[in-house]
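Undergrad: Just need the whole structure built from these sequences, with the hints factored in.
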Amino acid sequence: MDYTSTEMMTVAAARALGNDDVCFVGIGLPSAACNLARLTHAPDITLIYESGTIATKPEVLPLSIGDGELCETALTTVSVPEMFRYWLQGGRISIGFLGGAQIDKHGNINSTVIGPYDDPKVRLPGGGGAPEIATSAEQIFVVMKQGPRGFVDKLSFRTSLGHGEGYDDRQKKGVTTKGPGLIVTDLCIMKPDPVSKEFKVVSIHPGITREQIVAATGWPIQFADTVEETVVPTSVELEALRALNARTAAAHGDQA
Amino acid sequence: MARIMTLKEAVADLVRDGDTVAMEGFTHLIPYAAGHEVIRQKRTGLTIIRMTPDILYDQLIGMGCVDKIVFSWGGNPGVGSLHRMRDAVEKQWPKPLAIEEHSHAAMANAYEAGASGLPCAIFRGYRGVDLVDVNPNIKSITCPFTGETLAAVPSIRPDVTIIHANKADRAGNVLIEGIVGVQKEAVLAAKRSIVTVEEIVDELNPPSPNSTVLPGWTVSAVVAVPGGAHPSYVHGAYERDNAFYKRWDDIARERDSFQEWMRANVLEKGPEAYAVYATKKA
Numbered sequence: 001m002d003y004t005s006t007e008m009m010t011v012a013a014a015r016a017l018g019n020d021d022v023c024f025v026g027i028g029l030p031s032a033a034c035n036l037a038r039l040t041h042a043p044d045i046t047l048i049y050e051s052g053t054i055a056t057k058p059e060v061l062p063l064s065i066g067d068g069e070l071c072e073t074a075l076t077t078v079s080v081p082e083m084f085r086y087w088l089q090g091g092r093i094s095i096g097f098l099g100g101a102q103i104d105k106h107g108n109i110n111s112t113v114i115g116p117y118d119d120p121k122v123r124l125p126g127g128g129g130a131p132e133i134a135t136s137a138e139q140i141f142v143v144m145k146q147g148p149r150g151f152v153d154k155l156s157f158r159t160s161l162g163h164g165e166g167y168d169d170r171q172k173k174g175v176t177t178k179g180p181g182l183i184v185t186d187l188c189i190m191k192p193d194p195v196s197k198e199f200k201v202v203s204i205h206p207g208i209t210r211e212q213i214v215a216a217t218g219w220p221i222q223f224a225d226t227v228e229e230t231v232v233p234t235s236v237e238l239e240a241l242r243a244l245n246a247r248t249a250a251a252h253g254d255q256a
Numbered sequence: 257m258a259r260i261m262t263l264k265e266a267v268a269d270l271v272r273d274g275d276t277v278a279m280e281g282f283t284h285l286i287p288y289a290a291g292h293e294v295i296r297q298k299r300t301g302l303t304i305i306r307m308t309p310d311i312l313y314d315q316l317i318g319m320g321c322v323d324k325i326v327f328s329w330g331g332n333p334g335v336g337s338l339h340r341m342r343d344a345v346e347k348q349w350p351k352p353l354a355i356e357e358h359s360h361a362a363m364a365n366a367y368e369a370g371a372s373g374l375p376c377a378i379f380r381g382y383r384g385v386d387l388v389d390v391n392p393n394i395k396s397i398t399c400p401f402t403g404e405t406l407a408a409v410p411s412i413r414p415d416v417t418i419i420h421a422n423k424a425d426r427a428g429n430v431l432i433e434g435i436v437g438v439q440k441e442a443v444l445a446a447k448r449s450i451v452t453v454e455e456i457v458d459e460l461n462p463p464s465p466n467s468t469v470l471p472g473w474t475v476s477a478v479v480a481v482p483g484g485a486h487p488s489y490v491h492g493a494y495e496r497d498n499a500f501y502k503r504w505d506d507i508a509r510e511r512d513s514f515q516e517w518m519r520a521n522v523l524e525k526g527p528e529a530y531a532v533y534a535t536k537k538a
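Protein chains in written order, with the working numbering: chain A, 1 to 256; chain B, 257 to 538.
Keep in mind the hints are simulated off the structure, nothing from the lab. Some clues are possibly wrong.
[Claimed, not checked] Here are the computed lysine to aspartate or glutamate pairs in the EDC-like style, where the Cα-Cα straight-line distance is at most 16 angstroms:
(1) 191/A to 228/A
(2) 121/A to 346/B
(3) 178/A to 198/A
(4) 447/B to 275/B
(5) 57/A to 20/A
(6) 200/A to 153/A
(7) 57/A to 44/A
(8) 347/B to 118/A
(9) 264/B to 524/B
(10) 324/B to 118/A
(11) 447/B to 425/B
(12) 502/B to 524/B
(13) 447/B to 269/B
(14) 324/B to 346/B
(15) 347/B to 119/A
(16) 200/A to 228/A
(17) 173/A to 404/B
(18) 172/A to 404/B
TA: Right under this line is the structure:
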């Protein structure tokens, strides 16, 4: 089956999740990936949205973090203060799945402003739950489209902490969780070097060249010693994703 | 004890120029009708607080009611930017907008501290991030028992909190079900409060004993405004109007189309215009 680069990205991100994960889900690409995992290989994954819904199983992707679908299909729904205090800060989340506008080579993320904070070129929505998800979830996965404006050498603003300046900077800042362990893009998959914590390409999606990845990255991107080719989406994965997207478009008043 | 009032009376009596106002609702139960009444009554100099300011706060900002916003995520969820908020931040139209920016964890904790009568909230947060450098209200504190450095922010104590809820009884006891957000904390943290509801009933009959109830004596005013959360939604009554959230992107993009929409749909209408949405059962 033919597939798009966005479908490859979503499928690759979904595969990173396991049935036993308790996943704090960001809206947009992370939400699509997490629900695809639930609809394919990880039917019992626990998905938590910051609006308070725990173990939700939405039929369609929510447009917002608090669509009614999330509450109606959840095991339980708690208040937002409880969500951040007991569940996130309390250490109950195994994976925080984030996106953002900009990311750097150490997995630090910007979703606040492009340009100076007091005189922004672009004012973005802001961090929401991300600053504390990034430090309180046991591990962070990131899914983002790759391009030189998003994958930058220096962030305009650090909204959430990745590996800071690399090496043990995260521990020096008093953070005990693992931080970003995976970045999935529409071109490749990256993982952090165990020592320097700089992200390196470990798998390239079929049909993508190293030159394309270099051109789409604002820092001198490194490739792991052994780089794999990402397995193409299976028909089962693609059919589940497309059915999910079609249900979602119909539910949100789009032309299907 | 809560007074049962009309929306016009409640806003006239309880929302004042220069107030710090929280109109909460975490996607669900956003008090649109009440916010529109604030715009119609031309309140100015407001500091508006909300974790997730969306279209309603875009409207208040674009209509010139607001001097300052305190928030943690400002956008049109799943759609994009708030164009009126961006215009105010980037181009000072219709006037400059001061911002105090936090994370969700900070604001949720700050409301809870406000409801608890505490001066500040303490939590494990803001580690290694730049918000600390641009918001002087983010400080740190050392745990006297473990020595751990923790973040501290001032508690939120609004002059008035406005929320929408599923229903109330005639004594003003308020029932909230579905996504409960931070509304209970926001009401209990405030000096005054307005709760608009879908309906006022003789008996609340909560669906379970654990459904969130604000006793009437914690609320200043209760107002029946059927459909008053549209285009947000009410659990069990009507769905979120996701198509409208998408349409808003076009309406708000230009100053002219924004002002025309506000004139036709807010300034020249009243809360009764929301009744049509109440009947659209999900």
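Undergrad: It remains to establish, for every hint, whether it holds in the given structure.
TA: The hints, checked one at a time:
1. 191/A to 228/A: 12 angstroms, holds
2. 121/A to 346/B: 8 angstroms, holds
3. 178/A to 198/A: Roughly 14 angstroms between the alpha carbons, so the hint for residue 178/A and residue 198/A holds.
4. 447/B to 275/B: 11 angstroms, holds
5. 57/A to 20/A: 15 angstroms, holds
6. 200/A to 153/A: 14 angstroms, holds
7. 57/A to 44/A: 9 angstroms, holds
8. 347/B to 118/A: With a Cα-Cα distance of about 12 angstroms, the restraint between residue 347/B and residue 118/A holds, given a limit of 16 angstroms.
9. 264/B to 524/B: 14 angstroms, holds
10. 324/B to 118/A: 14 angstroms, holds
11. 447/B to 425/B: Not OK: residue 447/B and residue 425/B at ~22 angstroms, beyond 16 angstroms, violated.
12. 502/B to 524/B: Violated, at about 23 angstroms.
13. 447/B to 269/B: This hinted pair holds, its Cα atoms lying about 13 angstroms apart.
14. 324/B to 346/B: 14 angstroms, holds
15. 347/B to 119/A: Holds, because 10 angstroms separates the two Cα atoms, which is no more than 16 angstroms.
16. 200/A to 228/A: 12 angstroms, holds
17. 173/A to 404/B: This hinted pair holds, its Cα atoms lying about 11 angstroms apart.
18. 172/A to 404/B: Given pair residue 172/A, residue 404/B holds - Cα atoms ~13 angstroms apart, limit 16 angstroms.
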